[in-house]
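Number of protein chains: 2
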Amino acid sequence: MTSNLNTENDFFRKRKILITGGLGFIGSNLAGRLLDLGAKVTLVDSLIPEYGGNLFNIHDVRDRVQVNISDVRDPYAMRHLVEGQDILFNLAGQTSHLDSMRAPDVDLEINCKSQLSILETCRHVNPGIRVVFAGTRQVYGKPKYLPVDEVHPLHPVDVNGINKIAGEMYHLLYSTIYGIRCCVLRLTNTYGPRMRVKDARQTFLGIWLRQIIEGRPIQVFGDGAQRRDFNYVDDVVDALLLASFSDRAVGNVYNLGSPEVLSLKDLALLLVEINGGGRYELVPFGDELKKIDIGDYYSDFHKIELELGWRPKVGLREGLKRSLDYYRRCKTAYWE
Amino acid sequence: MTSNLNTENDFFRKRKILITGGLGFIGSNLAGRLLDLGAKVTLVDSLIPEYGGNLFNIHDVRDRVQVNISDVRDPYAMRHLVEGQDILFNLAGQTSHLDSMRAPDVDLEINCKSQLSILETCRHVNPGIRVVFAGTRQVYGKPKYLPVDEVHPLHPVDVNGINKIAGEMYHLLYSTIYGIRCCVLRLTNTYGPRMRVKDARQTFLGIWLRQIIEGRPIQVFGDGAQRRDFNYVDDVVDALLLASFSDRAVGNVYNLGSPEVLSLKDLALLLVEINGGGRYELVPFGDELKKIDIGDYYSDFHKIELELGWRPKVGLREGLKRSLDYYRRCKTAYWE
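Protein chains in written order, with my numbering: chain A, 2 to 337; chain B, 2 to 337.
Bear in mind the hints are in silico, worked out from the structure with no lab data behind them.
Keep in mind the model is a prediction, meaning the values are calculated, not measured.
Where hints are given, some of them may not hold.
If several chains are the same, the list does not tell them apart, and a pair holds so long as it fits within one copy or across any two.
To be verified - List of simulated lysine-lysine pairs, PhoX-like, C-alpha gap at most 25 angstroms: (1) K314 / K17; (2) K41 / K291; (3) K266 / K291; (4) K304 / K143; (5) K304 / K291; (6) K291 / K143; (7) K145 / K304; (8) K41 / K266.
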């Protein structure tokens, strides 16, 4: 990793980088890192209120980045933005599983149609670009075995999972057929500063952080026995950077993940402990949520470890502590 | 099979059936059979010139079916048409692999967006409907082993394959989550009367039939060594009917296929022999075609044999003979 990160320092200097979903949780954290590495960064974000974009996420770097408010569904804006870029971090997406069932057409427009349209744009105006696509563990559905590796069958349990499969397959296809250097990372629960905490649209951990800071009980759905893995956002940023400059990564799919696997109940207890107080309560799944819950999930992330040298560095305790600190400090920017 | 077919005779009498792509190759053959079984059949077709719809396909049953010219991309028309139907044979699709690379957005609109929209319509206005979706072996891509069974990984080599994966996954999802009784058949090369023979948009066998009848050499792409399997359309109609009334089929995916596996060269020779003359020539793949060719492909179709009792009954020699007879007789309706 150390040698890789040194390479990074050179690699990103003066590179022209486009981040879709750039005002969102992961996009804004990535932007900050890239700026520190000397890159020239453009952020594109729709700022749709239900999604993750938040201008506060970049308030400390606002004068060092280009910001373009537009929607990945707008092919003309995207054409202009993609032109001349060295790397595209393609992070914009509809992420809510529940919303994908309630408005499947919107999920399709963003997670399928726009992805295909962005890749067509790359092909026509910038075939030399590198692209890293943010995929999701949701493509696997309910695991048939654990930990889940990249050859696990794809049996998504919601519309979002299906559309994200199409999205990543388009990237891999355009890599194979047109030589556009694409890589797909399948993210698991990512958490940390700048995430959406108004609701559970990005991950349930968002709303948990808010609940505990507000002194309300953490709402754990189901029996709380579901085991999951978690990545602190800085580690995900590491993975994105590695995936963007490694030739080995081209045309490949990698799981992210963590060796720390916890039940939701244990996670809630840990959060209470770090917070120095609070409690959780078990809440029965609503019918809609129950149907699309995937139960236990955690990743096998050996492939990215072996091929790109990535491994998460921030432990859950440390990551949660940093997250709580951040939201205690900046909560007004995230609560409404 | 005999007992199943007897069941059919009762099952379909007075059933209200909707067939999307109903003026196309498989749709029109299916319509004829359903009418003989006493069903009340409505056909919906866009009659887009590049696709398979052809009014001549139903000229002998025209007064016994409802025909509605509209596009599956039109949700209002579909809502009206789906209401009150007992079974939907969802066969409309963009089938050309090459066209899917040239106009990926159109393929997405038809093979993803419309499928999701049709299922939403079923969910809202007719959740009791049964749906059979015409999938394709193209979802597998280049086979990793042969014969290809249903658990073979999905690695499509073109946009069409990706969109057809999404299409079938939507059907399975709506079956699991909303209880709409859907089944997916993955078709391999289907051939026979009423297929499109103007070009290779449905299968290369279409244009071959035309070439040999016109006394031109059959154009075999590549070295002709690619091995493939073929189903005569009557056998595919059998499978569709079985899939539509079997409770066992609900939520399942089945390969169709044939025990007769031939190289393209041998198929061309067989066609020449049955025709009583003619010849073939090897034509190098164009760059576009080469990139998306899947090489050898043939199916393992044990699952449908075991679970639904389906097995192809029309041998290749007999099927090709019937096809040649048909196009010799009716060619004027298919040439332009």
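Each hint, compared with the structure:
1. K314 / K17: Classified as neither: same-chain Cα gap 27 angstroms, cross-chain 61 angstroms, threshold 25 angstroms.
2. K41 / K291: neither (44 angstroms within a copy, 39 angstroms between copies)
3. K266 / K291: within (17 angstroms within a copy, 53 angstroms between copies)
4. K304 / K143: So K304 and K143 pass the 25 angstroms test inside a copy (21 angstroms) and across (23 angstroms) alike.
5. K304 / K291: neither (31 angstroms within a copy, 30 angstroms between copies)
6. K291 / K143: within (12 angstroms within a copy, 37 angstroms between copies)
7. K145 / K304: both (19 angstroms within a copy, 20 angstroms between copies)
8. K41 / K266: Result: close neither inside a copy nor across copies, 42 angstroms intra and 56 angstroms inter.
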